[in-house]
Amino acid sequence: MATIPKALRDYLDQTGEISLFAMRFFREAFHRPFEFKELLRQCYVIGYNSVFLVITTGFIMGLVLTLQIRPTMIDFGAVSYMPQLVSIAIVREIGPVVTALICAGKIGSSIGAELGSMKVTEQIDAMEVSGTNPFKYLVVTRIWACILMLPLLVIAADAIGLFGSFLVETTKGEVSMRLYFNRVFDSLLFGDLIPATVKTFFFGFAIGLVGCYKGYNSTKGTEGVGHAANSAVVLASLLLFVVDFLAVLVADIFYEI
Amino acid sequence: MITKGDITSLAMDPAHTNSAPIITIRGVTKSFGTHQVLRGFNLDLYPNENVVIVGKSGSGKSVLIKCLVRLVEVDEGEVQVLGKSIPDLQHDELDEIRADVGFLFQGSALYDSMTVKENLQFPLRRHSERMKGQDEEELIHEALKNVGLESAIDLMPAELSGGMKRRIALARTLILQPKVILYDEPTSGLDPITSNEIIQLILNIQRTFHTASLIITHDMDCARVISNRMIILQDGINYAEGTYEELSKSKDPKVKAFFKEVQNR
Ligand SMILES: Nc1ncnc2c1ncn2[C@@H]1O[C@H](COP(=O)(O)OP(=O)(O)OP(=O)(O)O)[C@@H](O)[C@H]1O
Ligand SMILES: [Mg+2]
Numbered sequence: 001m002a003t004i005p006k007a008l009r010d011y012l013d014q015t016g017e018i019s020l021f022a023m024r025f026f027r028e029a030f031h032r033p034f035e036f037k038e039l040l041r042q043c044y045v046i047g048y049n050s051v052f053l054v055i056t057t058g059f060i061m062g063l064v065l066t067l068q069i070r071p072t073m074i075d076f077g078a079v080s081y082m083p084q085l086v087s088i089a090i091v092r093e094i095g096p097v098v099t100a101l102i103c104a105g106k107i108g109s110s111i112g113a114e115l116g117s118m119k120v121t122e123q124i125d126a127m128e129v130s131g132t133n134p135f136k137y138l139v140v141t142r143i144w145a146c147i148l149m150l151p152l153l154v155i156a157a158d159a160i161g162l163f164g165s166f167l168v169e170t171t172k173g174e175v176s177m178r179l180y181f182n183r184v185f186d187s188l189l190f191g192d193l194i195p196a197t198v199k200t201f202f203f204g205f206a207i208g209l210v211g212c213y214k215g216y217n218s219t220k221g222t223e224g225v226g227h228a229a230n231s232a233v234v235l236a237s238l239l240l241f242v243v244d245f246l247a248v249l250v251a252d253i254f255y256e257i
Numbered sequence: 258m259i260t261k262g263d264i265t266s267l268a269m270d271p272a273h274t275n276s277a278p279i280i281t282i283r284g285v286t287k288s289f290g291t292h293q294v295l296r297g298f299n300l301d302l303y304p305n306e307n308v309v310i311v312g313k314s315g316s317g318k319s320v321l322i323k324c325l326v327r328l329v330e331v332d333e334g335e336v337q338v339l340g341k342s343i344p345d346l347q348h349d350e351l352d353e354i355r356a357d358v359g360f361l362f363q364g365s366a367l368y369d370s371m372t373v374k375e376n377l378q379f380p381l382r383r384h385s386e387r388m389k390g391q392d393e394e395e396l397i398h399e400a401l402k403n404v405g406l407e408s409a410i411d412l413m414p415a416e417l418s419g420g421m422k423r424r425i426a427l428a429r430t431l432i433l434q435p436k437v438i439l440y441d442e443p444t445s446g447l448d449p450i451t452s453n454e455i456i457q458l459i460l461n462i463q464r465t466f467h468t469a470s471l472i473i474t475h476d477m478d479c480a481r482v483i484s485n486r487m488i489i490l491q492d493g494i495n496y497a498e499g500t501y502e503e504l505s506k507s508k509d510p511k512v513k514a515f516f517k518e519v520q521n522r
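Protein chains in written order, with our numbering: chain C, 1 to 257; chain G, 258 to 522.
For reference, chain G alone in the conformation it holds in the complex (with noise of 0.2 angstroms):
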């Protein structure tokens, strides 16, 4: 259980000083319009690494991790994945790399119109090859099995509570066994004893999977305990990095005033 002010990480630590980084991304910048969201935001995610992200209500975080999947172009800058540059793939090789890349999105966005099981076959279809010797009821059991939902296989997704969803929409992302994973607000909408499931869930992963994950979250508790490392986006750009700690204790007015207004809410 995650008490408050139990100030340290329970986060893995990746060690990764002599590895190359499975995520680079350098000078990115997006605009809708007139509206310029990303301004030159440079991030590096080392191998097995809990990174999150912290930034005020649309200040352009889900904008930031759709770039890594080019479910938004970027309009300049470098996004390296897993050692490819994303905005120059074709469609075929963006395939690839997205099957590699896991995706938790904002609201766990399962398919309404399908069962659970249904939900999780859906990522095989077009990825089988990957799967190769691996039967699909194993594989669809064995992802159940890793958020403890076996016996939600055959509902809809109208008869999960918001939580039972977030797990499912997690094993629908494991199951084609990524290397890196991008958690868009994992916790958001859930009560403080859910979230502390999923938080647990998340450093499972890291740990049985070796994964690297990015994870975009507002709520503080969740960033201490999850994190190897935080990044606060501010006005487009990777304002302060540094450990929960280091964070927490800056001298600047900025950052101060963020970790100010969050607490109070």
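Isolated chain C (complex conformation) (with noise of 0.2 angstroms):
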């Protein structure tokens, strides 16, 4: 053991702690009794926290992506294609993975801290004694409501960029709306929409996941709380980055362009 380095080292406990962690999740997670008004609690809080950040960095995405591709297109004669290609860069890419970036800090931060500080004033523990298996109630539900909310935040998200691409468009080459939103459809196969929705839920496991790891273990004291959110958002922003390249793999494979 003395041969490996610590960094290292702790990257692998880390990494096994967290799968240890992801598996007490399926174990628990359909197994009675379940916790549904929490659940509910918990998406109307997460949707709620989130929905305005990810529709203003929706938007101005679909905005700029027009405006710094358009004189390219230009350029190329090609310009008419503004909506497909837009449309497939925002819905395949960009949505997803910008908006998983912003919950990420947004909601894995919250999800770290709320449970940091619960665990620290021993808030977790009066659950187990009171009869409430903790896991359930504040882990199980969380995570649940982070792969339910997300796909709906991107979609959400989608939308506002294409609004927003569409603007530029009418503005500067007066397009009108059934035409560049026929165009967008179009050009939009069950190819793209499916391992796009897919990975958002993974997205969604991810932060829900790793921030709930990060609060239900961190240490004692407030400075164990901050680092626990902090370590959240770093940790999940990274792995958001791995499951989207394992995604795009896989998605590959199946639908060979």
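Hints were generated in silico from the structure; no laboratory data involved.
One or more hints might be untrue.
Said to hold, decoys possible - With a straight-line Cα cutoff of 25 angstroms, these simulated DSS-like cross-link-like pairs (lysine-lysine) come out:
#1 C/K220 to C/K106
#2 G/K508 to G/K313
#3 C/K37 to G/K389
#4 G/K374 to C/K37
#5 G/K517 to G/K313
#6 G/K436 to G/K341
#7 C/K106 to C/K37
#8 G/K374 to G/K402
#9 G/K313 to G/K511
#10 C/K220 to G/K313
#11 C/K136 to G/K374
Said to hold, decoys possible - Pairwise CB distance ranges (calculated):
#12 C/P33 to G/D411: 25 to 35 angstroms
#13 C/L152 to G/K341: 44 to 54 angstroms
#14 G/D349 to C/F26: 14 to 24 angstroms
#15 C/L53 to G/E416: 26 to 36 angstroms
#16 G/M371 to C/S80: 56 to 66 angstroms
#17 C/L8 to G/E395: 54 to 64 angstroms
#18 G/D270 to C/E17: 50 to 60 angstroms
All C-beta atoms, glycine included, are put in the ideal place defined by N, C-alpha and C.
Assembling the complex is the task here: the two chains are given apart, and the hints tell you how they should meet.
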């Protein structure tokens, strides 16, 4: 053991622990009792807290993307392909990844901090002794809520991003809304939509899992809470790119272009 | 009002010689990594008795009472609560025992995101069958009345003072009508007047509900007034045992040093 550098050992330790935590989630997620009320509350909290942020970034993303690409497309004489290009870029990659990153910052950190402070103030112990399984009540509900809400947030971001892109097109190129969105929906195939949506479930899972893992295992003291929130964001963001890469790889095998 | 130097205990006399203990701890050991916290601790708690455990910070007092409800698993030794061996229980049986054992946490541990009322409802979620025939609203009012805070029912924990938090936590502990209560530093972080109020509440609870209690504290005034018996936890064992008077007159150098250190604070 002594020959393995400490950094590598910590990395491996943590990977193992998160995997165990994820396995515990799958073991407890499908067994009664289910905490439906808390799940609904978490869905509401997660959706409500991030929807404004997600919509704003989605809108700006659509505007900026279109403004940046348009001149090049004009040079190539392909400006009429703008709706196809932008919609594929947003729906397949930029929408999900940007939204997930925003959510990793917003949701991941708040879950990490909330569970972390519950841990260090013994609220989790108090739940345990009062007959409620805190893993089910706190962790399972939050991870499910992330899994369910992230796709919805991504759809909202995609829609508003496409709308932003349309605004640029219509002011610069005088395309009607109907024509623009006809082109968008003509170009989007199931092969784009399904993998893009499926991967957002995994993004939600990654964000919820890491936030809960960091909070639930945070160490004593207020410092521990800050560390839990911070490292939840860093690790979740990193994990998102790994998940994205794997998702694209798998999708590529199934839907060869 | 409790005055300094007033040596007699105000705790009710348990007269326990003829009954079986509610809690029995024999030779309990517990280590975290290489750090051995408990090294063979023994204790008996009899019905309607208040036993105070004192010890230096970090001596393992919280770990010890967490072993009683299996928030911490013991390494070796015997832990019996209400006639059941805690380390061997299945999860459902453990939940039953936990409902009979009230636990007041060191920092109150109220759920931040819930109102006072929801905090009190929480233990009833899984144990409604124990409380059959009793209206939930009534139970909550009753519990709040016991701690004199009926007006706080719709407040959030963040809106309460430290003393109020401690009382609400106590109400949450009392709501399942436990037979034993474990208090982890019930007066820590409170001013002397509020501490006295909490001490009076604990004494009242002993009188009214005839519960047995294990009380951890740093506060020697609290220990003196509240205890039928005291145990000094040192070096991971029950180092000395007796009434406050007996221990304060002890000739043992470590016990003497302990009392001296506490008085100088
Ligand atoms: N979960 C844990 N993991 C590792 N070490 C722990 C854990 N819980 C407690 N300890 C260690 O056990 C020792 C005893 O802790 P404990 O909380 O019981 O002390 P205490 O007597 O209650 O002190 P205080 O009066 O400050 O509350 C400490 O050294 C602590 O670091
Ligand atoms: Mg303690």
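Hints, one by one, checked against the model:
1. C/K220 to C/K106: Holds - the C-alpha atoms of C/K106 and C/K220 are around 23 angstroms apart, at most 25 angstroms.
2. G/K508 to G/K313: holds, 19 angstroms
3. C/K37 to G/K389: Cα-Cα ~23 angstroms, so holds.
4. G/K374 to C/K37: Given that 25 angstroms is the threshold and the Cα spacing comes to 17 angstroms, the pair holds.
5. G/K517 to G/K313: This hinted pair holds, its Cα atoms lying about 12 angstroms apart.
6. G/K436 to G/K341: holds, 14 angstroms
7. C/K106 to C/K37: Judged against 25 angstroms, a Cα distance of about 23 angstroms means the pair holds.
8. G/K374 to G/K402: holds, 13 angstroms
9. G/K313 to G/K511: holds, 12 angstroms
10. C/K220 to G/K313: Holds. C/K220 to G/K313 sits at ~19 angstroms (cutoff 25 angstroms).
11. C/K136 to G/K374: Answer holds: C/K136 to G/K374 is near 22 angstroms, not above 25 angstroms.
12. C/P33 to G/D411: 25 to 35 angstroms: Since C/P33 and G/D411 have Cβ atoms about 27 angstroms apart, the given range 25 to 35 angstroms holds.
13. C/L152 to G/K341: 44 to 54 angstroms: holds, 47 angstroms
14. G/D349 to C/F26: 14 to 24 angstroms: holds, 22 angstroms
15. C/L53 to G/E416: 26 to 36 angstroms: Holds, at about 28 angstroms.
16. G/M371 to C/S80: 56 to 66 angstroms: Taking Cβ atoms as reference, G/M371 and C/S80 lie about 57 angstroms apart, which means the hint holds.
17. C/L8 to G/E395: 54 to 64 angstroms: 59 angstroms Cβ-Cβ, so the 54 to 64 angstroms window holds.
18. G/D270 to C/E17: 50 to 60 angstroms: holds, 51 angstroms
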